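Trainee: Top line first, the protein sequences correspond to chains P and V.
This note's numbering applies: residue 3 is where the first sequence begins, and numbers increase by one.
This note's numbering applies: residue 122 is where the second sequence begins, and numbers increase by one.
Please note that the accuracy of each hint is not assured.
[To be verified] With a straight-line cut-off of 20 Å between C-alpha atoms, the simulated SDA-like cross-links for lysine to any residue are:
#1 V/K143 x V/E217
#2 P/K164 x V/N341
#3 P/K40 x V/W321
#4 V/K304 x P/S67
#5 P/K164 x V/K143
#6 V/K143 x V/N341
#7 V/K143 x V/E255
Just so you know, the hints here were simulated from the structure itself, not pulled from any lab data.
On a predicted model such as this, the values are computed, not experimentally measured, just so you know.
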Amino acid sequence: MQSESTGSPKGMDVQKYSNKKNLRFSDEALALSQKIMKRYPEGKQKSAILPVLHIAQAEFNGWLSVEAMDYVASLLKIQSIEVYEVASFYSMFNLKPVGKCVIEVCRTGPCWLMGAEDLVRFIEKKLGIKEGQTTTDGMFTLKTVECLASCGTAPMMQIGEKYHENLTFEKCGTILDDYKNKGEQISHWRKERIKNHTDIHQ
Amino acid sequence: MGRQLLINDLDKEGIQSISGYKANGGYSALEKALKMKPEEIVEEVKKSGLRGRGGAGFPTGMKWSFIAKPPDVPRHLVCNADESEPGTFKDRFLMEKKPHLLIEGMIISSFALGANTSYIYIRGEMMYVFHILEKAIQEAYDAGYLGKNILGSGFDLDLYVHCGAGAYICGEETGLIESLEGKRGNPRIKPPFPAIQGVWMRPTVVNNVETLAAVVPIINMTGDEYAKIGVGKSTGTKLISASGHINKPGVYEIELGVPVEEFIYSEKYCGGIRNGKKLKAVVAGGSSVPILPTELILKTAKGEPRLMSYESLSDGGFQTGTMLGSGGFIAMDEDTSIVKNLWNFTRFYHHESCGQCSPCREGTGWMEKILHKFLDGHATSKDIDLLWDIQGKIEGKTICPLGEAAAWPVAAAIRHFRPEFEEYVKNGKNMVDVKHYYRINKLQEA
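Could you build the full structure based on these sequences and the hints that come with them?
Mentor: Pasting the structure below:
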């Protein structure tokens, strides 16, 4: 799998997004990670790597620094290289800093038939960035992704956990304005999910 | 015709929750199954003729009977919910609307296979469905359908959801197993098959979401009754994800054997081609299956009406036929550029190739580059032959079927739409401007 360039830190204060010092999960995230590790047979806790990396991404500003991956390796008691090779394989892991809000527009097959290309151009124009870049205020990163299994409601984009479907320019513009007004960090595994993980069974 | 077994009661109130699901007959199949012997369940599934709904169409009962049963080695059932085939969105729909159907199917299937720990491998992008499933699983634990000694049967089962992180290749069963073990999703060489050595080298069965859900009606109505639905060896119902230039895109549950023409044009299903356009081509089973022009999708080469079934769609082999695949039905209208569509698909396969096998890693990249030449207006007629040559050198030469999945669409596009490639060659640059399709009527209307 080729890694997608996920946003140059153009105009962003990279240091602000670096977590070198005191890098560790919140208590809730740590408890959740340990719960997840118990779902796999003894000695096979490496299996938890994908869920735990998702949590790490939610905890550490939406991307995985080398330090974040090293920390995950220590949690799972595996070598750092085992985390690097996995994190670089899967397209959902951002290995560079991203904006607070990552826009992922589906570009494949049916979405493309229904105008995904034009949608990407529209967002590029609206935000003043190109695909793969991050806005200077650090709010948005624009990515194109492969099929998100939402072909019947094309064109569509995903922001954090949420699917935004049957998009028109107008609808898309309104959605982006909403996120901008909220201005909060959006991740696939949302922070409130980590806090309220009591609904996740043992 | 027209029976629905999986999504028949979506309009019922609270069907997403356990109480609503139970109020509509949910978990009755489980109660029935737990009174049966595991072998009897496998036998019922064999009798039903159920075939894998993920795309390959392998008989499910037979797959189950292959599972090795060495003493003291745990077995696992893994549900493949890594739905990533372009054009397919039925599993997401089913899990979102009726999560307990999948859970009930998984408990019955785990019991039949003797698995005490089972996993649902869901793709990471569907995180919101992940949370729906987690909630539903918790409800099932609270109701005593999961955990120790389920309904007093002595059978224990733990069910967990495992999320992926964005990789088409993890929909391939050995790639999925590698991913579940916490590695890159590189498919394994078979044999050994997962039924002998799967996840953590233990006997494992991997089944698609829809396949496991279908086990519930099979137990409820018996395998013999289920086998009466459908046509020939295509038994039962199938979820079809309809997308593209049709009036009514969405998920439809059909009895296998509905004529393709009826499926496209009747108001009950797709409702015809939008904006009064003509149909140009159809990809009938997800992006990997060969594309067919209108005349061949509506009728076979022999002139018989084409049906939505495993056999009828593949009638004529790849010369004049295609496959049912995962049921991702993509319709394209007369304004569609087959070449550009093919480039889009090929870019997808290039992006998603795991990189283990050279023919796929390199071949998909070259095919994408050559197709881009057509779009840029620089291609020559030799490039058509070169594309044909490359696809032939990928097919059958890779560890997993991603190679075929990438090669077949290219072969079919050249086979059925060669004049369009030649047009690109002839008109060069002009073609790019003249045929810039998809000025998204839909987006502009709004």
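Trainee: Starting from the hint list further up, note which numbers the structure goes against and sort them upward.
Mentor: 2, 5
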